[in-house]
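Colleague: Protein chains in written order, with our numbering: chain A, 1 to 496; chain B, 497 to 627; chain C, 628 to 708; chain D, 709 to 986.
Derived from the structure by calculation, the hints contain no laboratory data. For every residue, glycine included, the Cβ atom is placed at its ideal position computed from N, Cα and C. Warning: the hint list may mix true and false statements.
[Unchecked claim] Listed next, with one range per pair, are the computed distances between beta-carbon atoms:
id	chain 1	residue 1	chain 2	residue 2	range
1	C	654	D	849	30 to 40 Å
2	A	200	D	904	49 to 59 Å
3	D	837	C	629	17 to 27 Å
[Said to hold, decoys possible] As a list, the in silico DSS-like pairs of lysine-lysine whose alpha-carbon atoms are at most 27 Å apart:
id	chain 1	residue 1	chain 2	residue 2
4	A	367	A	280
5	A	367	B	509
6	A	206	B	509
7	B	509	B	557
8	C	649	D	900
[To be verified] In silico contact screen, one side only, chain A against chain D (beta carbon under 7 Å); selected entries:
id	residue
9	50
10	51
11	54
12	63
13	187
14	189
15	193
16	210
17	482
18	483
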Amino acid sequence: MSAHYPIFLVVAPLMAALVIAIIARERPGLCPPLAAIALTASLWSAAGMLCRVLAEGPFSYHIGNWPPPMGIAYEVDHLNALVLVAMAAVALINLITTRQAVASDFTGREGYFYALYLLFCAGTFGILVTGDAFNLYVLLEITSISGYALVGLGHRDAALASLNYVFMGTIGASLYLLGVGYLYLITGTLNMADIFSILPRLFGSKVVVAAFVIAMTGLFMKMALFPLHGWLPNAYSEAASPVRSLIAPLTTKTMIYVMVRLGLYVFPPDFTFNHLLFAKVVVWVAAAGIVCASVLALSQTSLRRMLAYVLIAEVGYMVGGFWLGNRMAITGAILHIVNDAAMTLCVFLAVGSFTHQLRDDRFATLKGCFRRMPWTMVVLATAGLSMIGVPPTCGFFSKWYLIGGALTADHWGLVAALIFSSLVNAVLFFRVFEIAYYEPFADPHQEHRPALSYAEAPATMLAPMLFTAAGLVGLGLLTGRIVTHIIDAAIPAAIL
Amino acid sequence: MTTAGYINLIIAKYNYWIYIVLMCIGLWAMIAKRNLIKKIIGMNILQTAIILFYVSIATKKGATLPILGHHDAGHFVDYATVINPLPHVLMLTAIVVSVATLGVALALAMKIYNRYDTLEEDEIHARVRES
Amino acid sequence: MIWQLEFIILLLVVVCAFAALKVRDLLGAAVLFSIYSFLMCLLWAIMGAVDVAFTEASVGAGVSTVFFVAAVFRTTRRSRD
Amino acid sequence: MKRLGLLAVILFGALLVYGTTDFPDWGDPSSPAATHLSPYYIQHSLHDTAVPNIVTAVLADYRGYDTMFETAVIFTAGLACLFLLRVFITPKETEASGLYRHRATGITLRIGQGGRLPLGTREFERIDSQWVPYDLIIRTACSLVLPFIQLFALYVVAHGHHSPGGGFQGGVIFGAALILFAISHNLRTTLKAMPEKRTNILTGTGVLIYVGTGVLCLLLGGQFLDYAALAGLLGVDPVMARSHGILIVEIGVAIAVMAVMVSLYYNLASAGHMDEGL
Numbered sequence: 001m002s003a004h005y006p007i008f009l010v011v012a013p014l015m016a017a018l019v020i021a022i023i024a025r026e027r028p029g030l031c032p033p034l035a036a037i038a039l040t041a042s043l044w045s046a047a048g049m050l051c052r053v054l055a056e057g058p059f060s061y062h063i064g065n066w067p068p069p070m071g072i073a074y075e076v077d078h079l080n081a082l083v084l085v086a087m088a089a090v091a092l093i094n095l096i097t098t099r100q101a102v103a104s105d106f107t108g109r110e111g112y113f114y115a116l117y118l119l120f121c122a123g124t125f126g127i128l129v130t131g132d133a134f135n136l137y138v139l140l141e142i143t144s145i146s147g148y149a150l151v152g153l154g155h156r157d158a159a160l161a162s163l164n165y166v167f168m169g170t171i172g173a174s175l176y177l178l179g180v181g182y183l184y185l186i187t188g189t190l191n192m193a194d195i196f197s198i199l200p201r202l203f204g205s206k207v208v209v210a211a212f213v214i215a216m217t218g219l220f221m222k223m224a225l226f227p228l229h230g231w232l233p234n235a236y237s238e239a240a241s242p243v244r245s246l247i248a249p250l251t252t253k254t255m256i257y258v259m260v261r262l263g264l265y266v267f268p269p270d271f272t273f274n275h276l277l278f279a280k281v282v283v284w285v286a287a288a289g290i291v292c293a294s295v296l297a298l299s300q301t302s303l304r305r306m307l308a309y310v311l312i313a314e315v316g317y318m319v320g321g322f323w324l325g326n327r328m329a330i331t332g333a334i335l336h337i338v339n340d341a342a343m344t345l346c347v348f349l350a351v352g353s354f355t356h357q358l359r360d361d362r363f364a365t366l367k368g369c370f371r372r373m374p375w376t377m378v379v380l381a382t383a384g385l386s387m388i389g390v391p392p393t394c395g396f397f398s399k400w401y402l403i404g405g406a407l408t409a410d411h412w413g414l415v416a417a418l419i420f421s422s423l424v425n426a427v428l429f430f431r432v433f434e435i436a437y438y439e440p441f442a443d444p445h446q447e448h449r450p451a452l453s454y455a456e457a458p459a460t461m462l463a464p465m466l467f468t469a470a471g472l473v474g475l476g477l478l479t480g481r482i483v484t485h486i487i488d489a490a491i492p493a494a495i496l
Numbered sequence: 497m498t499t500a501g502y503i504n505l506i507i508a509k510y511n512y513w514i515y516i517v518l519m520c521i522g523l524w525a526m527i528a529k530r531n532l533i534k535k536i537i538g539m540n541i542l543q544t545a546i547i548l549f550y551v552s553i554a555t556k557k558g559a560t561l562p563i564l565g566h567h568d569a570g571h572f573v574d575y576a577t578v579i580n581p582l583p584h585v586l587m588l589t590a591i592v593v594s595v596a597t598l599g600v601a602l603a604l605a606m607k608i609y610n611r612y613d614t615l616e617e618d619e620i621h622a623r624v625r626e627s
Numbered sequence: 628m629i630w631q632l633e634f635i636i637l638l639l640v641v642v643c644a645f646a647a648l649k650v651r652d653l654l655g656a657a658v659l660f661s662i663y664s665f666l667m668c669l670l671w672a673i674m675g676a677v678d679v680a681f682t683e684a685s686v687g688a689g690v691s692t693v694f695f696v697a698a699v700f701r702t703t704r705r706s707r708d
Numbered sequence: 709m710k711r712l713g714l715l716a717v718i719l720f721g722a723l724l725v726y727g728t729t730d731f732p733d734w735g736d737p738s739s740p741a742a743t744h745l746s747p748y749y750i751q752h753s754l755h756d757t758a759v760p761n762i763v764t765a766v767l768a769d770y771r772g773y774d775t776m777f778e779t780a781v782i783f784t785a786g787l788a789c790l791f792l793l794r795v796f797i798t799p800k801e802t803e804a805s806g807l808y809r810h811r812a813t814g815i816t817l818r819i820g821q822g823g824r825l826p827l828g829t830r831e832f833e834r835i836d837s838q839w840v841p842y843d844l845i846i847r848t849a850c851s852l853v854l855p856f857i858q859l860f861a862l863y864v865v866a867h868g869h870h871s872p873g874g875g876f877q878g879g880v881i882f883g884a885a886l887i888l889f890a891i892s893h894n895l896r897t898t899l900k901a902m903p904e905k906r907t908n909i910l911t912g913t914g915v916l917i918y919v920g921t922g923v924l925c926l927l928l929g930g931q932f933l934d935y936a937a938l939a940g941l942l943g944v945d946p947v948m949a950r951s952h953g954i955l956i957v958e959i960g961v962a963i964a965v966m967a968v969m970v971s972l973y974y975n976l977a978s979a980g981h982m983d984e985g986l
C-alpha cells in the first residue's frame with residue numbers, strides 16, 4: 001500500500017469527485033462526508049510520503065510501469081512532501097469548516113460544488129507531486145478550470161471577475177506550455193530530471209533563454225506577481241467565502257512551488273541565478289510589488305479586498321526571497337510557502353465566519369465584534385499577528401529568514417520593502433482590531449433584519465478555526481526542526 | 497549575416513514565423529479588444545498558435561505518418577523515416593484543454609450578458625460603477 | 628508536401644484570424660473562426676499530424692463553432708469593435 | 709491600456725523571434741526533439757503494445773496518465789458549465805408556461821407562469837419563442853445522415869489502434885451527431901431521447917471507466933495504469949493486454965466526451981433553462 005501513496009494522493013479525490021458528480025442531485029447529503037473521506041485519504045498519503053522521504057530519502061513512482069523519460073513519473077522529495085502535507089491539511093480543514101457556509105451559499109448545487117472542490121484539490125496535489133513538465137500543464141488546467149467555475153458563482157460581479165481570471169490564467173498557462181515546448185525542442189524530453197541533466201550542455205542557446213523567460217513570465221501571471229496581479233483582487237473578493245478560503249491558500253502558493261521547482265530542479269540553479277540579468281530584475285520587481293501592494297491595501301474599505309492586496313505583497317516576499325539565490329533566502333521562501341498557506345487559510349476562515357454571521361465584511365460592520373464574536377476575533381488576531389510577523393507565530397520566522405537572506409545578499413531594497421510591508425500590515429490589522437474592540441456595537445441592519453442572529457459562529461466552524469490558529473503558533477515553534485530536517489535537504493547543496 | 501543568410505533564415509523556418517504572428521494576434525486581441533466574445537476568439541487563436549508550434553517541431557522532411565503497418569512488426573524501423581509522434585500526443589491534450597476553457601469562458605460570458613445586458617467591457621465597467 | 632500550397636494556407640490562416648477579430652458581426656466572427664480552425668486542420672494534415680488534424684476538424688471546426696453560435700444566439704450579435 | 713498592450717505584444721514577439729533564430733531548421737531529422745526520446749516510441753511501441761498507430765499507443769499507454777487527466781479536464785468543463793448556468797427550478801407537471809401552437813389551425817397561444825393548457829396536450833405542440841416553420845428537407849436529410857454519422861463515430865473509436873482517431877475523436881463525432889439532431893429538430897425532442905440526467909451519469913461513468921481501469925491494475929498487483937497487469941484477467945499475454953487495455957480506456961474516453969459535448973450544448977444553447985435551444 002505505502003508504495004502507491006503518490007498515486008493514491010491524487011486518485012482518491014478524483015474518484016470521489018466522479019462519484020459525487022453522479023449522485024449530486026439524488027443524494028446531496030452523502031457528498032460532504034465522501035469529500036471529507038477522500039481528502040483525509042490524501043492527507044494520510046501525504047503524511048506517509050513525508051515520513052518515507054525523511055526515513056529513506058527521495059523516491060519516485062512510475063505510472064504504467066514505464067520508466068521515465070518514456071512514461072510519466074511522480075517524484076517525491078523533501079520539497080514537495082513538505083508542501084503537500086501543508087496543502088492537503090489546508091484543503092481538509094477548509095472543507096470541514098465551511099460546510100454550513102456552502103449549504104447557504106450554494107443551495108441546490110452543493111453536490112457539484114464538492115465535485116469541483118475535489119477536482120481542484122486533485123489538480124493541486126498532482127502539480128505538487130509530478131515530475132513531468134507537460135503533465136504539470138494538464139494538472140494546472142484542471143485546477144484552473146475548476147477554480148474559474150467556483151469563483152464564477154459568488155457575489156454580484158463574480159462572473160466578470162471570473163472571466164477576467166480565465167483570460168489572465170489562460171495566457172499564463174499558455175506561456176508555460178510554450179516554454180515547455182521550447183525546452184522540448186532543444187532537449188527532446190519532457191521529464192524534469194532528464195531536462196535538468198541535458199541543459200548544462202546548452203547554456204549558450206538562445207532557445208533556453210527564451211524558454212526560461214517565457215515559462216517564468218507565465219508562472220508570474222498565474223501567481224499574481226505585482227504588475228501582473230490584475231485578476232486577483234476581484235476574483236478573491238467576489239468569490240463566495242468557502243471558495244475564497246480554498247483558492248487563496250492553494251493557488252498562488254502552488255504556483256510559487258512550481259517556480260521553485262523550475263528554478264532549482266529543471267533549470268540548473270547556476271543558470272537560474274547567475275547566467276542572466278533576469279534574477280536581479282525580478283528581485284527589484286518583487287520589492288516594488290511589495291511596496292505598491294501594501295500601499296494599495298491601505299486604501300481598501302472592506303476586509304476581504306484589503307486581504308487580497310496583502311496576499312499580493314506576500315507573493316512578492318516569496319518571489320523576492322527565492323530570486324536572491326542564497327541559501328538563507330530560499331529557505332525563507334520555501335518556509336513561507338507553508339506558513340503563508342496556513343496564515344491565509346486562518347485569516348480567510350475568520351473572514352468567512354464574519355460574512356456567514358454578519359453577511360458583510362466592511363470595516364464599519366465590524367464594530368464591537370470582540371464582544372459579540374470573541375473566538376473568531378481571537379483567530380483573526382492570531383492570523384493578523386502572524387502576518388505582521390510577531391513571534392512566536394510562524395510569520396515571524398519566515399520573515400526572519402527572508403530578511404536575513406536579503407542582508408546576506410546586500411540587497412537593501414528588499415530589506416526596506418519587507419520592513420515597510422510589516423509596518424503597513426501592523427497598521428492594517430491594528431486598525432481592524434481597534435474598530436472591533438473599542439467602537440461600540442452598532443448593527444447597521446437592525447431595521448431591515450432584526451431576526452438575524454448576530455452571535456458567535458457555531459462550534460463546528462469554530463473548532464477547526466481555533467485548531468488552525470493554534471497551528472500557526474505550532475508551526476512557529478517547530479520552525480527549527482522543519483528547516484534542519486526538511487528544507488535543508490530540499491535545497492541543492494550547490495547553493496550557499 | 498548577409499542578405500542571403502537572412503533570406504535563408506526566413507525560408508528555413510517560415511512555419512515558426514507564422515506561429516509568432518498568430519500568437520501576437522491572439523495576445524493582442526485578448527489585451528486590446530473590448531468585446532468579450534472577441535477576447536474569447538483571441539484566446540482560442542493563441543492556443544491554436546501554440547499547437548501549430550508543437551506540430552511544426554514534430555515534422556521531419558521526407559518522413560511518413562506515425563502509423564506503422566503490421567509488416568513492420570519485428571523489423572527495425574529507421575526513426576528518421578517516421579514523423580515524431582510525441583508532440584501530436586501532447587497537442588491532442590492541448591486541443592481538449594482549449595475546448596474545455598472555451599466552454600467555461602462562454603458560460604461566463606452568458607452569465608455576464610444576463611446581468612449587465614451587454615458584452616462590451618467598457619459598458620460593463622460603467623454599469624459596475626453605477627451600482 | 629508542396630511548400631507553395633502550405634505557404635498559401637499559412638497566409639490564409641493569418642488573414643482569417645485577422646478577419647475574425649475585425650468583423651463587427653459576432654455570428655460572422657464565429658463562422659470566420661470556424662474557417663480558421665478548418666484551415667489549421669488542413670495545415671496539420673499536410674504536416675503529417677493526422678490525429679491532431681482529425682481532432683481539430685471535429686472539435687475546432689465542428690463543436691466549438693456550435694458553442695460560439697449558441698452563445699451568440701443567447702446573447703447578442705452586435706459588437707462595437 | 710491599448711498602447712501598453714501593443715507594447716507588451718511587440719516585446720513578446722521580439723522575445724519569440726530572438727528564440728527562434730537559434731531553432732534547428734524546420735523539418736530537420738537530426739534535431740534534438742527527433743533524436744532523443746521519440747525514436748524509442750517509433751521503434752518499440754509496436755513491440756510493446758501491439759498498436760500500429762504510434763500516437764494512440766503513446767496517448768493511452770506511455771502517457772496514459774496525461775490522457776486520464778485530459779478526460780478529467782473535459783469532465784470538469786461539463787461540470788463547470790452545469791454549475792454556472794443551470795437553473796434548478798423544476799416546474800410542476802400541470803404548469804406549462806411558454807408558447808403553444810394549435811396543430812390544426814396554426815394559432816399560437818402564450819401561456820404565462822402558472823397557466824394550464826386549455827385542451828389536452830395532444831392538440832397543441834410546444835414551440836420555441838422564435839418559431840421556424842417545419843422544414844421537411846432539413847429534418848429528413850438529418851434523419852437520413854444521423855445513423856451513418858453515429859456508425860462512423862463507433863468505427864473511429866474501435867479502429868483507433870490502426871488508423872487516426874480514437875476515443876476522443878469518436879466521442880466528439882457522436883456528440884456532434886446528437887447536437888445535429890437537436891439543431892434540426894428541437895431541444896425538447898432531443899432531451900426526450902437523451903435526458904439530462906443520463907448525460908450526467910454517462911459523463912461520470914466514462915471517466916470512472918478510465919480511472920477504474922487504472923485502479924484495477926493497481927489491485928491486480930501492477931502499477932497504476934499498467935495494463936499488462938490485466939493479462940491474467942483478460943486471458944491474453946501482457947502485450948495484447950496492453951492493446952486491450954488501451955481499447956477499454958478509449959471507450960471510457962468516448963463515453964465521457966460524448967456526454968460532455970451534449971451537456972455543454974444543452975446548457976449553452978438553452979442558457980441553463982433546458983426548454984428551448986437554437
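Colleague: Indicate, hint by hint, whether the structure satisfies it.
Modeller: Verification of the supplied hints:
1. C:654 to D:849: 30 to 40 Å: violated (23 Å)
2. A:200 to D:904: 49 to 59 Å: Hint holds: Cβ distance 55 Å, inside 49 to 59 Å.
3. D:837 to C:629: 17 to 27 Å: violated (51 Å)
4. A:367 to A:280: It is violated: about 45 Å lies between the C-alpha atoms, which goes past 27 Å.
5. A:367 to B:509: With Cα atoms ~66 Å apart, residue 367 of chain A and residue 509 of chain B exceed 27 Å; violated.
6. A:206 to B:509: holds (16 Å)
7. B:509 to B:557: Within the cut-off at roughly 13 Å; holds.
8. C:649 to D:900: Judged against 27 Å, a Cα distance of about 40 Å means the pair is violated.
9. 50: Check failed: Cβ of residue 50 of chain A comes no nearer than 20 Å to chain D, outside 7 Å.
10. 51: With a closest approach of 21 Å, the residue 51 of chain A hint is violated.
11. 54: violated (24 Å)
12. 63: OK, holds: residue 63 of chain A within 7 Å of chain D, min 5 Å.
13. 187: Status holds, d = 6 Å.
14. 189: Nearest chain D Cβ about 5 Å off; hint holds.
15. 193: Status violated, d = 13 Å.
16. 210: Holds, because the Cβ-Cβ distance from residue 210 of chain A to chain D comes to roughly 3 Å (cut-off 7 Å).
17. 482: violated (30 Å)
18. 483: violated (34 Å)
When each numbered hint is compared with the structure, violations occur for hints 1, 3, 4, 5, 8, 9, 10, 11, 15, 17 and 18.
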